[in-house]
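Asker: Once you have looked at the hints, place chain B on chain A.
Those protein sequences? They're chains A and B, same order as listed. Last residue of the first sequence: number 555 in the numbering used here, and the count goes up by one each step with no gaps. Last residue of the second sequence: number 1155 in the numbering used here, and the count goes up by one each step with no gaps.
To be clear, the hints were calculated from the coordinates, so they are not data collected in a lab. All values derive from a computational prediction rather than experimental measurement. Treat the hints loosely; a few may be bogus.
As the list claims (entries may be wrong) - Straight-line Cα separation of at most 27 Å, BS3-like style, residue types lysine-lysine; simulated pairs: (1) B/Lys1132 with B/Lys988; (2) B/Lys1056 with A/Lys325; (3) A/Lys518 with B/Lys1144; (4) A/Lys267 with A/Lys218; (5) B/Lys1056 with A/Lys518; (6) A/Lys512 with A/Lys299; (7) A/Lys542 with A/Lys233; (8) A/Lys183 with A/Lys163; (9) A/Lys480 with B/Lys1056; (10) B/Lys1100 with A/Lys479; (11) B/Lys1056 with A/Lys481; (12) A/Lys448 with B/Lys1144; (13) B/Lys1029 with A/Lys518; (14) A/Lys302 with A/Lys263; (15) A/Lys234 with A/Lys263; (16) A/Lys479 with B/Lys1022; (17) A/Lys325 with B/Lys1029; (18) A/Lys481 with B/Lys1132; (19) A/Lys518 with B/Lys1027; (20) A/Lys349 with B/Lys989; (21) B/Lys1056 with A/Lys479; (22) B/Lys1144 with B/Lys1027.
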Amino acid sequence: MNKLPRKSVAGLEDWMCRSLFEQVPFNVAIIDRDYNIVSANSNFSEYFGPWKGKKCYKVYKNLSQPCLGCDARLTFEDGQPRLSDESGVDQHGKEAHYVVHIAPLTKRKGGAVKYIVEMSRDVVETKNWQMEYQLLFERVPCYITVIDRNYTIIRANENFRKNFGDVVGRKCFEVYKKRKTKCPNCPAARTFRDGQVHRSQQTGIKKGGEKAHYVLTTSPLGRQTDQIAHVIEMSTDITDVKKLEKEVIEAERLSAVGQTVAGLAHSIKNILMGLEGGMYIMGRGLEANDREKLDQGWDMLERNFNKTTSLVRDFLSFAKGKMPELEIVDPNELVEEIIGLYKTVAAEHGVNLRADLDTKVSAVPLDPKGVHTCLTNLVSNAIDACEMSDSKTGEVCISTSDKNGVLSFIVSDDGTGMDSDIKKKVFTTFFTTKGGKGTGLGLLTTRKIVKEHGGKISVRSKTGTGTTFRISFPKSRLNMLYREEKSENELETQVRERP
Amino acid sequence: MTKSEKKTVLIVDDEEDVRQYLSMALTDAGFEVVMATNGKEALDKVKEQQPDLISLDLVMPKGSGVRFYRELQKNKEWAKIPVLIVTGHARDDVGKSDLKELTMSGAGIYLEKPVKPKSYISGIKQLLGMDTTDEEAEEADKIKIQNDLKNMIDEADPEILKKLQKLMKDQNK
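Isolated chain A, as found in the complex (with noise of 0.2 Å):
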């Protein structure tokens, strides 16, 4: 290290001065006003090589005569500092890309500029990252677009304009859903209220018209959460995989028909058999002229006679495909309401239906029809259930709960039970215990009604003991389902009024 001189106060001066014009990390030259290179530090001769009696223009871009529009020229003549862009090249002849400060060396304030100080910096690196981040931007396989608080798009990707045509300065909401107004429940929005990430799933519509499914990640630009100026929209576009899945759900229809028409079959079978006898049985009464047998044969008969009414009914219900119809609705009040159907006929048969209500439990979009049939399927079920136990009496509780934002509706009794091999089997068409009472459909039915609200039905069942069913609703699902509707049938009416 260099000891510190102490000759004079202008001795450190200029000792400074050297220092400093050596270790700054910058490229440092001095240039007089005929472009010769007058000095330089060793960063300037690593990055461009010998300059010692060179012009400027020699050194930094290998040319003959001064560059079209030089910087240099301007700050000798109006003595202001200048920051210029430049591209040249390096000591081993590569391409060198770099910022220029350009400032003036005068003896006093406003008197000629006898020479002036270029103080350059590579960036090289920095012109690749960007470069990169070009790429990126425009070539990653989403949609990406910029947006302000106006909901203006400042920046869109090529894959993005390419979809939905060239959007910049247009809405979001024009160009995204061909809407006039801003959507609802906005995800952008909320970004720029609280900062945070967001993500949906959203349907829109591209230049040709058709329907576009995306997943939508909306996220601050920049690092600060308040006073957000503008919001990056990025998503990724699963129509493929939309059509992918209905393909598959429309497999799964055809092998269910398949399955369905074989089990119907069987219901057949059974009816056809149980009219069989009802005949046999009516046959041997007219032969011994005994009305006994002829009364028993008759209401076989009439018994199996209304085993198709009500095959006929549940099988209709049951192929019914659609989408449930959400409306807000209080799920105690939905359980109240199948009691009061139930109470009486429980009775009957010897069995005390109650209600255990969660009084934390709050309206959510449910298809009120759809849960209606679920809880009388499962209620009816409870009821047989505990008529065919071997106890004179029975109970059936039908309770609900919501925890976790699971909303759950739940049927116990303390009936026969089932054991495993049942177990297994009752969610299968047709498949029935009841003998000629059950149409094998009624918790196919439940179990198609909740999984179209994006539920689950579960069974834990102790042959004696009894069974309980759970049906649970996550609720994020069902609003979600209820916005998606709401949205699908709006997004409807635009395509429907698009010229």
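Answerer: This is chain B only, laid out in the frame that chain A set:
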């Protein structure tokens, strides 16, 4: 046991109508009848009095037909009792595997609901090795052929079946 003695058949079916019907058909044909509504009850009946034959439904609450059958096989004496399966689930997913287990392990023959009284009685007589009338023998043959045909068609290649169908149509022209 002499020939004149009445044979006992245990009917196991959860459906009241089916029990009534089959028991009347059996009584009319000169059999003694015992009935059970499920596998568990059937086992009790077998313990009480061993039947000569069991007419068994497959899918029932409180102990399915297969479970009951497995229980029977555990007892040397009971395992010898011939079993006639009367089911509506012969060809669907609910009953197929059960039926396979039973017929493969030698339970005998099965009848698919709905069952005609004649085929039922002749099936039972055949399993018991009893004399049958000509009519009944014919019926029993018919059942056998029908069952064989059903199985063959179930296992056949659908393409070949289509070709056969076409051939038959062409012949009729």
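Asker: Please flag the earlier hints that this structure goes against, numbers listed from lowest up.
Answerer: 1, 2, 3, 8, 10, 12, 17 and 22
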